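When you get a sec, could you build the whole thing from the sequences and use the hints?
Protein chains in written order, with our numbering: chain A, 404 to 921; chain B, 60 to 373.
These are computed hints drawn from the structure, not numbers from a lab. Computed from a predicted structure; not experimentally measured. Ideal Cβ placement from N, Cα and C applies to all residues, glycine included. Keep in mind that the hints are not guaranteed to be accurate.
As the list claims (entries may be wrong) - Quick list of the computed label-pair ranges, beta carbon to beta carbon:
hint, chain 1, residue 1, chain 2, residue 2, range
1, B, Pro119, A, Val868, 51 to 61 Å
2, A, Lys900, B, Leu147, 41 to 51 Å
3, A, Gly445, B, Pro174, 37 to 47 Å
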Amino acid sequence: MRFLPGRAVALAVILALVLLPLIPSAAQQPRRGGALRIAHIGEPPTLDQHWTTAAITGHIMNHVNEGLFAVNRKFEPKPVLVDKWTLSPDRLTYTFTLRRGVKFHNGKDLTSDDVKASLERWGRIATRGRGLFANVVSLTNPDPMTVVMKLRDPYALLPLDLGWVGQSAVIFPKEVIDEAGTGPVKRFISTGPYKFVEHLPDRHIRLDRFDGYAARTEEPDGATGRKHAYFDSIYVIPVPDAAVRIAGVKRGEYHFAETIPPDEYDRLRTDPDLVPFITETASWLTAVFNNRSPLMGNKKIRQAFQATLDQESVMRAAYGNPRFWRIDPGLMPKEHYLWTDAGKEFVNQKNTERARQLLAEAGYKGEPIRWVTTMEYVAYGTAGQVVKPMLERAGFVVDLQIVDWATLVARRARPELWDVFSTAFSFVADPVLLLSLQPSWPGWYDNRDMNAMMTLMRRHSDPKVRHDLWKRMQKLWYEDAGTIKFGDYFVLHLYRKELKGYVNIPTHVWWNSWLETR
Amino acid sequence: MTGYIFRRLIALLPVLMIVATVGFFLIYLTPGDPASVMLGPDATTEDVENLKRLMGLDRPLIIQLVRWYGRTLQGDLGYSIFLQRPVLQAIIERLEPTAVLTLMALTVAVSIGIPAGVVSAVRRNTWVDQVAMGIALLGVSVPTFWMGLNLILFFSVYLGLFPVAGYVPLDQSVAGAFRSLVLPAFTLGFSASALIARMTRSSMLEVLGQDYIRTARAKGNLEQVVIYHHALRNAMIPTLTVVGLALGGLLAGSIVTETVFALPGVGRLVISSVMRRDYPVVQGVLIFVASTYVLVNLLIDLLYVYLDPRIKYA
Chain A
404 MRFLPGRAVA
414 LAVILALVLL
424 PLIPSAAQQP
434 RRGGALRIAH
444 IGEPPTLDQH
454 WTTAAITGHI
464 MNHVNEGLFA
474 VNRKFEPKPV
484 LVDKWTLSPD
494 RLTYTFTLRR
504 GVKFHNGKDL
514 TSDDVKASLE
524 RWGRIATRGR
534 GLFANVVSLT
544 NPDPMTVVMK
554 LRDPYALLPL
564 DLGWVGQSAV
574 IFPKEVIDEA
584 GTGPVKRFIS
594 TGPYKFVEHL
604 PDRHIRLDRF
614 DGYAARTEEP
624 DGATGRKHAY
634 FDSIYVIPVP
644 DAAVRIAGVK
654 RGEYHFAETI
664 PPDEYDRLRT
674 DPDLVPFITE
684 TASWLTAVFN
694 NRSPLMGNKK
704 IRQAFQATLD
714 QESVMRAAYG
724 NPRFWRIDPG
734 LMPKEHYLWT
744 DAGKEFVNQK
754 NTERARQLLA
764 EAGYKGEPIR
774 WVTTMEYVAY
784 GTAGQVVKPM
794 LERAGFVVDL
804 QIVDWATLVA
814 RRARPELWDV
824 FSTAFSFVAD
834 PVLLLSLQPS
844 WPGWYDNRDM
854 NAMMTLMRRH
864 SDPKVRHDLW
874 KRMQKLWYED
884 AGTIKFGDYF
894 VLHLYRKELK
904 GYVNIPTHVW
914 WNSWLETR
Chain B
60 MTGYIFRRLI
70 ALLPVLMIVA
80 TVGFFLIYLT
90 PGDPASVMLG
100 PDATTEDVEN
110 LKRLMGLDRP
120 LIIQLVRWYG
130 RTLQGDLGYS
140 IFLQRPVLQA
150 IIERLEPTAV
160 LTLMALTVAV
170 SIGIPAGVVS
180 AVRRNTWVDQ
190 VAMGIALLGV
200 SVPTFWMGLN
210 LILFFSVYLG
220 LFPVAGYVPL
230 DQSVAGAFRS
240 LVLPAFTLGF
250 SASALIARMT
260 RSSMLEVLGQ
270 DYIRTARAKG
280 NLEQVVIYHH
290 ALRNAMIPTL
300 TVVGLALGGL
310 LAGSIVTETV
320 FALPGVGRLV
330 ISSVMRRDYP
340 VVQGVLIFVA
350 STYVLVNLLI
360 DLLYVYLDPR
370 IKYA
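Below you can see the structure in the form of structure tokens.
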């Protein structure tokens, strides 16, 4: 066949038209460089992740610190600093082999000495760490790349516990831990893609790219897999006023603003430069009962409280736009494999008559229910104000005490000072981590059957067995009216369109994200 | 005069002792503690108690007070629980934005307040007077946070003239520091100017009715000379007192303004330390603000002598 230039051109055009959409556009190619500026709600109470459960510390330091494991988008634990790990047939001995070539930000190689020292410290001071280490018989490091953890009883969730985002079991160099003594660490060194540079209180926290970062090779997935540090620097800037955070993002001074009032959503989504982002994981708004108080220790009074609630009104008042809340009986969110609606008949009852009857059976004589709440988190205070008249219609006398958050936290530790307090629970990866089921946590919900089932939950790893067990636990929790779950809510964040690749599960992930040239 | 200044400085000590003691009890008797803030919302009671023990917060209040007195008398304001540095250092680090902001705000306040007061007094009961006093009323009544947010919206978001929030230190860029403080200084200065304008007006009205003003006019002096040379200087003493009070108010008012504009100054340090119960910092800043207030008042008292040579301090 004779070669025709015209035909070749036509072929090239057709090929180009077919193939062009398959080639990622230049705009979508990650770009290295620039500084990400994040407007956060305030200052972290400490930057030591072993110490605090405060989410803001994790938002920042997850970019600096790494642990043996982390969770992916399905909240499954995957290795980070661990290369391989095995569990003995009796399910009591975990052996972790560390990845070779991993360096700390000070240039030192990661070894099992660092891991042992870090895990021991975490097991001494972190709430979850202490819970886990109560079951640890020994933690040894037979060679520089191996760590062995022996347990008393089988514990199916050990990798998840070590990889969970809150108060994480992150690894510091041994010398950093030695110099910290009983206090918080003084130098913030770990193995993450960004290294800590400076903390100027009320000005910024600065992280810079760590050029010696040893990335994994798996595809990025949640907080696991390959991590790229595209930004030269990340600045986390405390901006306490939400209106100023919004103005700053609109103006381009910040690329990302943490927690924006949901009422702003409709206005912000019309701006072509902005992305209002609703978190994909739910938290729940709650009223915690004091099971040690004479009033709320009475199951019938708790049930009366539960029976009277119109939860839709509470959530509408607290969060407004229905995109930001839902009524759902599951203590685990709908997206989780253990979700169940067991106990749904106890939700949103709006049954004042039944509440009155339960109060009469309980022998309630109008003693004031001391409900401690705060306007520092507006939704908590709003919920109290909306529920108060509901309770009063049923015959409760409510003493709603609005205080600042620090006062609430101090008061809730003393059972003689309160009957109900307001808070919210953020998403956790497994029911064994749910605070409202821990007998040691303020509220002190302590049911023998529940505790026995919790022990089984810790042991079993079969999803089917765990799901059946969890259904029974959730049902019991509702029957007992252990705590009130008003509903799920979702948080709104705001960022500029040029920020690409941002991931919100399991928490803010700004590694692998970049700034597109405008 | 030197003796007077010395006596005033000595009198500062009991003032500071009273402020410090009342402040100590106020902050320690407020519920809440730094341990529970530091450990976060999910911490157990046991963890919080352990940390309080480590911090020495479980000791009786009176022992903590005595220890604190002991340290303070040696000039040691203590160590910040959250900032991990000496309190004095924390205050000094925050001084620059607050000092520059206060100076700029005072400039705004005086340069709006005094001319507005003078014009109102000279043109009393005309529309000029009513407009000026109407604006002054607005300045006193509008909350600073609302004013600040509206200025941000208009001048930063719509016009793009100034940064939304934050501070550029002087050693990085003088122009940057100035730009970052224009809106906060106007927010703070505008409300203070209202007070100064009202005081200048009433003081000027009083002076303008005096015999020596009539004499000055009768001598054929120009009206400007009468107003600025004869009247204003005599009307300045009450105005100066208000300026001194306003300066103290600016330091206190900067708590809200620094929070809205995310400025890393002393006001912001106060509010964040109160919220997280960083006791040593709250105490240190109280002493610092009280000292500044007393010293500013002393300075104002000394300026009276310059304005009115009849005043003598023995």
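Each hint tested on the structure:
Roughly 53 Å separates the CB atoms of Pro119 of chain B and Val868 of chain A, a value that falls within the hinted 51 to 61 Å. For the pair Lys900 of chain A and Leu147 of chain B, the supplied restraint of 41 to 51 Å holds, since their beta-carbon distance comes to about 45 Å. Checked against the hint of 37 to 47 Å, the pair Gly445 of chain A and Pro174 of chain B passes, with Cβ atoms roughly 40 Å apart.
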